[in-house]
Amino acid sequence: MSTNAPTRPSAHPAPIALGERVRKAARALYHLLGSMRFAVAILVIVALAACIGSIVPQNAGPAAYVSQYGTTWTAVLVFLGMTDVYHASWFGALLVVMSTSTAICVVRNTPAMLRQVFDRQDQVNRKFVETLPCRVRFRHDAGEAALLATLMPALRRERFRVATRRTADGALLVAARRGGARRVGYILTHAAIVLITVAAFLDSDLAVRGRVLAGLQQIETRDLPVDAVPPSSVLPAGTLSYRGQLTLAEGESASNAIVPIGDGYLVQPLPFTVRLHRFHIERYPNGQPRDFVSDLEIQLPGQPPTRHALRVNHPLAEHGVTLYQSGFADGGSTLNLRMLSRTGAAVPLAATVGSDVPLLIDNAPWTFQASDLRMDNIQDTGNAPAQGLLRRYLEGRSGTVADLGPTIEYVLRDPAGQPRTMVTYLRPLTFGGDRYFVSGVRRADGEGYEYIRVPVDADGSATTFERFERQLQDPAARQRAARRILAKPSAEMADVAARALEVFAHDGSPGIAALVEATVPEAERGAATTLLSGLVVRAARALAAEDDEQGPQDASARRRLQDLLNAHDDMVASDAPAWALAGTVSQRAASGLQVARRGGDALLIVSLSMLAIGVWLLYAVRERRLWLWWDPASRVAVAGLRANRKMPGLEAELAAWLAPLGPLPPVDAGNRDLSEPS
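Here the sequence shown is numbered in my numbering, starting from 1 and rising by one per residue.
There could be a bad hint or two in this list.
Estimated spans, in silico, between C-beta atoms of each pair [stated by the list, open to error]:
#1 Gly251 / Arg374: 16 to 22 Å
#2 Gly327 / Arg23: 51 to 57 Å
#3 Ser326 / Arg559: 47 to 53 Å
#4 Gly92 / Ser232: 37 to 43 Å
#5 Arg23 / His308: 55 to 61 Å
Since the hints were made in silico from the structure, they are not lab data. In this text, a Cβ means the ideal position worked out from N, Cα and C, and glycines have one as well.
The whole structure should be built from the sequences, with the hints applied where relevant.
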């Protein structure tokens with residue numbers, strides 16, 4: 001007797017193997033990605049994400065985002081990558097999902113669509129034809145041979161593919177079709193979308209970033225000459241795609257581009273050497289820029305150099321690399337300037353744009369750095385800038401534009417490294433018939449400049465102002481001037497006048513007002529201000545002249561004296577320790593080039609061609625299917641027409657294609673009249 005008890009079924013089913021679960025999940029994911037509903041949903045999401053790139057300014061400076069959105073929302077936008085949507089990782093992931101979904105749809109539907117293109121669909125029955133919305137029943141007594149001899153050539157002339165079949169009950173079926181290439185248009189259109197996405201990834205910096213992530217390249221953050229960049233930061237010459245920058249001064253050549261990435265850069269060797277011969281700006285007759293042109297020389301290894309003119313919106317393609325004119329700058333122009341300090345001391349200064357020059361001001365070590373030189377400073381007289389000084393200069397000018405002449409922008413750094421940004425117009429500007437040297441100091445809020453306007457002497461120099469400032473800063477000269485202006489000089493009045501001059505020398509006219517407010521009772525301040533201001537004007541007149549000018553002055557002399565006082569007040573208000581008064585320059589321009597190599601260009605051209613052909617096939621090709629069922633016993637025929645979508649006019653098309661058969665006698669009153677709407 002066996003002791004083995006029967007096995008009872010387990011209450012818990014055996015766990016599904018891990019591999020089976022993975023396969024089920026993969027199949028579910030495949031079907032999800034391949035569903036039309038998911039494809040439409042992901043396409044809408046990509047469109048919304050692209051709209052963000054149109055609404056939120058892209059790649060603007062942090063200050064612009066903070067000004068528009070505030071600190072909190074700026075941090076949110078930067079964290080979500082919305083300040084550079086099209087290069088954000090999540091946007092790239094969306095594109096990958098969209099292209100994958102579209103690719104699965106194409107793979108799944110292409111075989112069926114290709115079968116439909118070549119399917120004659122001659123396996124239908126009479127009931128199918130009689131249920132078509134666009135149909136007609138009629139008698140045809142001429143026989144099968146006459147029917148085929150008349151209808152077949154007519155349909156073939158209309159580019160129908162025609163097939164005939166004899167059914168089991170002896171009836172004749174004619175199946176005709178045209179416009180099957182429309183299905184090919186669907187395949188080409190969706191395949192092109194996938195290929196365009198692939199080409200976009202190939203054209204991006206994905207290869208460069210991939211090398212960095214893989215540890216094959218190290219981002220360089222130091223400001224080094226190209227020759228000193230370590231090999232780990234130099235990309236291979238055959239990099240698939242990149243976008244770099246190249247700045248050349250006139251006469252310079254280079255064979256490497258700088259590829260910005262992250263917080264640093266990589267160096268990309270170019271397959272040629274590019275040399276800048278000349279950069280120039282072409283202008284309209286009114287002086288406005290028309291085009292920016294770089295005269296380049298390209299030399300491939302072992303080949304003679306070739307000359308090219310690179311213009312805006314006219315890129316130059318050479319050996320798989322495209323050059324774009326993207327900007328211009330100063331390439332190291334030489335400056336010979338005359339610097340004037342607040343003490344009235346004028347010293348010559350030789351500098352180069354872009355380099356630092358040590359400068360001793362009042363025995364303190366300052367640094368002069370010229371940041372830019374503009375030889376042409378064209379201003380629209382009808383749209384004068386907001387600054388009052390330039391507005392007054394431009395208003396009333398003849399013509400629509402005015403050239404303010406060469407302009408230098410520079411920075412003076414004090415011994416602690418604090419900068420003062422300044423600008424000087426090297427050509428005197430004319431106000432009210434008098435000429436002035438004009439310089440500006442940028443305001444603390446960064447909006448506009450505070451201008452210093454120094455009167456120009458008849459010989460084109462500023463000697464009078466320089467002497468006036470030297471005398472004004474000299475205590476002995478101030479004391480002499482104070483004694484000279486008093487008809488009955490006394491020690492007390494001379495001290496008052498000298499004190500007023502001293503305050504004016506250091507603090508200008510606002511200093512006189514502050515002195516009166518601090519030392520004179522309120523009821524007497526008006527008279528005191530008038531007295532001290534008069535003393536300052538008379539003493540200033542004595543300082544500015546070599547001889548005693550106590551007698552009456554003409555209007556021109558009084559205006560020149562007022563210009564000196566105003567210039568001194570401007571200088572005090574600007575708090576500028578020194579500024580460039582005038583000088584000569586030797587310009588050397590530089591051109592900014594964008595260097596790009598796009599590895600997906602060939603694929604992009606193919607995919608765009610596919611897209612154009614596919615869209616044309618979808619919208620230009622009309623698919624039509626016609627069936628005719630004829631019963632030789634009853635001599636009754638049923639013809640029907642179907643299109644790829646419901647549209648008016650199908651009855652007229654069917655009537656036109658059956659017209660070679662002649663009049664169509666009706667079978668009974670229940671027939672569908674071709675003139676009725678479907």
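Hint-by-hint comparison with the structure:
{"no.": "1", "hint": "Gly251 / Arg374: 16 to 22 Å", "in the structure": "20 Å, holds"}
{"no.": "2", "hint": "Gly327 / Arg23: 51 to 57 Å", "in the structure": "56 Å, holds"}
{"no.": "3", "hint": "Ser326 / Arg559: 47 to 53 Å", "in the structure": "49 Å, holds"}
{"no.": "4", "hint": "Gly92 / Ser232: 37 to 43 Å", "in the structure": "26 Å, violated"}
{"no.": "5", "hint": "Arg23 / His308: 55 to 61 Å", "in the structure": "59 Å, holds"}
Comparing the model with each numbered hint stated earlier shows that hint 4 is the single one that does not hold.
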